Structures are given as C-alpha cells and as structure tokens.
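Can you build the whole structure from these sequences, using the hints too?
These protein sequences, in sequence, are chains A and B.
Count the first sequence with our numbering and you get residues 1 to 161, in order.
Count the second sequence with our numbering and you get residues 162 to 407, in order.
Since the hints were derived computationally from the structure, they do not count as laboratory data.
Simulated crosslink set (PhoX-like; lysine-lysine; CA at most 20 Å straight-line):
#1 A:K64 to B:K351
#2 B:K367 to B:K284
#3 B:K260 to A:K106
None of these values were measured; they are calculated from a predicted model.
Each chain is listed here by its residues.
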Amino acid sequence: MNHTSHIIRFAVVLVAVIAGFFILRGFLVPDSFGVQGDYKYGYHRGASDAEQAALPALYTGSKKCAQCHAAETAEWQAGKHAGVECETCHGNWQAHNNNTKDKAGKDSSIEACLLCHGEVEARPADFPQIADMKKHVEDGGGAYEKGMLCVACHSAHSPQQ
Amino acid sequence: MVTSRRDFLKQAGWTVLGGGLMASFVELPASKAHASSGDRTHLYAYVVDTHKCIGCGKCGEACRAENKVPDEFYRTWIERYTIYADGHVDVDSPHGGEKGATPIKKAHIDRSFFVPKLCNHCKEPNCVQVCPVGATYVSRQGVVLVDEKHCVGCGYCIQACPYGARFINPKTHVADKCTWCYHRVLKGLKPACVTVCPVGARQFGKVNDPNDPVGKLIKEARLQVLKPEMGNQPMVFYNGLDKEVR
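See the structure below:
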C-alpha cells in the first residue's frame, strides 16, 4: 500500500493553514502587543499606556488661578474656604482658558452654597449646615428679605462669622 | 487498520514534535514584544474618609468634565446610606450623588452617611483576568486601565467586577471606568475628584511613602476595604465603613 500522496496532500494543507494563521496574526495583533510589566496582568498593547497618559489635564489647582487673581487668592487663603479649591466652585481652568472673555462660572445663588451647607442628615454633625435661611438670618440678628443671597452677608472667598 | 506498536510510537513522536514546533512558533513573536517584563508595583492608593464626606457631588462633576464621561454614566458616584432605628437600610444615589443630596424628612433615623465609590484598582483584578483580548490590564504603576482601541466591548469585565465600577461607554461602545486620572497622576497632579473635594474626604498618594499623608494613613489608621471576601485586594481604602455598606 502506498499512502505517500495522501500524506503529502495533507501536509500541504496543514502548512497552508499554519502559514495563513501567522499571516492573519501579523495583521491582527497590534505592534506593541505583549507582556509589559508583569506576566499575570500586564499582557496588553504597550502603546496604550502612553496614549492614556498623554490626555490633557483640565483641572490645574489653585496655584494656577493665583497667577492672575492675586487679590481673590489672598482673600481666600485667609478665610474658612482655604481648604476649598478655586476650581471646586468655579469649574476647571481649561474651560476658563478657552473663553476667558466669557468669564468662568460664577454662581452666587443660595443653591450653590447650600450644595455644601444645606442641612442633610448624612452630613458630618460638625460640618456647618443651614437648615432654614430665614431662621439663619434672624438668628444672626439680621432682617430677612425674600431673594436674599448668602453672599450679601458672607464673602464667598473668605466667609467669616 | 491495525497499527503496530512501532507505527504508533512513530506517529506519536511526530505529533509531539510537530505540536512543540507549532507552540514555539506561536510563542516566538509574542515573546519578542516583551518591551520590559518584570514586577508590577502598586505605587498608589486611594483613601476615602466617610466621616468627612458631605455629599456635595463636586467630585462626580469634576470627574465627568475631566474624563468626558457621558451623562448618566459614572466613573465615580456617592451613595447615601440611611439606617433606621428598626434596622431598615436605605441606599440612594440620585444622579450618582452628583447634584448634591436632599434632606430626608423621616423620623427614627439611627445613622446616615455618604460613601463615595469608584474603581478599586485591585491588586488581583477579576476584570483583567476575564478579558479575552488583553484590552484591560494593570499598568506598571498598578493602575487598572482599559485600552479603548483594543477592547471589543464584550462586557465580561463588567460582570466580573464585584464593585460595579465598569460600564459600556455609549459613545465609544467599549468598556469604560475610573483610571484614577492616570493622565493626571503621571504628571504629579491628584485625580480630579481628589483635587476638588472641599473636605478631604478623598485622598490619593503613594502607598509606601511614609512622608505621604496617604502612606501614613494606610499604615496607621486601620482602614478597611470593600468586600474583602472577594479576594481582589482593593487599593481603595475606607475609613469608617459601616457593617451595612456593600
């Protein structure tokens, strides 16, 4: 019996399949794919790290704002809001930078203050909270008027008692 | 057909040889790409202090702006736990807590507090283990990342995450989650949520640096992690976790 021709045919098909596998693989696997870092969890496209690291940072921190807003910064540093970054209230620097003429977000509404200072059961008991504007104003010895703003009595940057 | 022992051994030999050859071919190109293999470090840690959080939601707002997170999807969110005198537990997080919290007008509240949540950047991340294409991985600094270009959006990682930190981004159609603001921390900045937190409820720093407040806290403050029984070894630590927190 002679099986040689069968074996050759089979071998040719096998070689073709293997070659096809490698050719396809070369196209489908990205260049930098491989183990980066450690074997267990580091198997990935290496270029991805750098791509993600290159994204722009929008929030820069209060040091940036001090470059142009020295007066506000000085006032802020001396007050009880010194632990609150400028960008927490005004939004990120990049948005401001893109349209300085339009001015940064500047919300002096009651709601903007109550977002942090409104009385909520879940807030830490030692955090200063206001349950009722009218009562708060009268407790402080003032006369309450409708539409009164918190910033009428408190500086937003340096709220002293 | 009768196979003699000699033929059988011959064929087995060829099979092993051929198989080995193929395996080595498959390994070869992959091993060439080892840019630098070595140990992964878990450089950073994140500390959440639930005693400090006031639930203002500024962190969520900043995260959305910084990372262009689509509306009604969250890379970080704030849960409010309310435990009543009768033991009933309520958890709510309207808009991920991003628009602040409204007062609860119910009596008999035993205790109530906020628990900010985000990706835990685990040391042993399930989500990375299940990824079929190597699109999610642990970076050399120990940050769990998603390769947006390589992800096929199958969603296995979303199911594998015990913390619900992942989602399919409706714009990119691939998995998305907190990166600890990888692009910021590599530049020496803090993640956006940490930057804007007015009360220091969110802190970020280096684990093994005794001069770093976060490194110090982890050493000294006896912190806890979420769902330790899952064995993922989260790198987000919590101060003041209640037994009701899941």
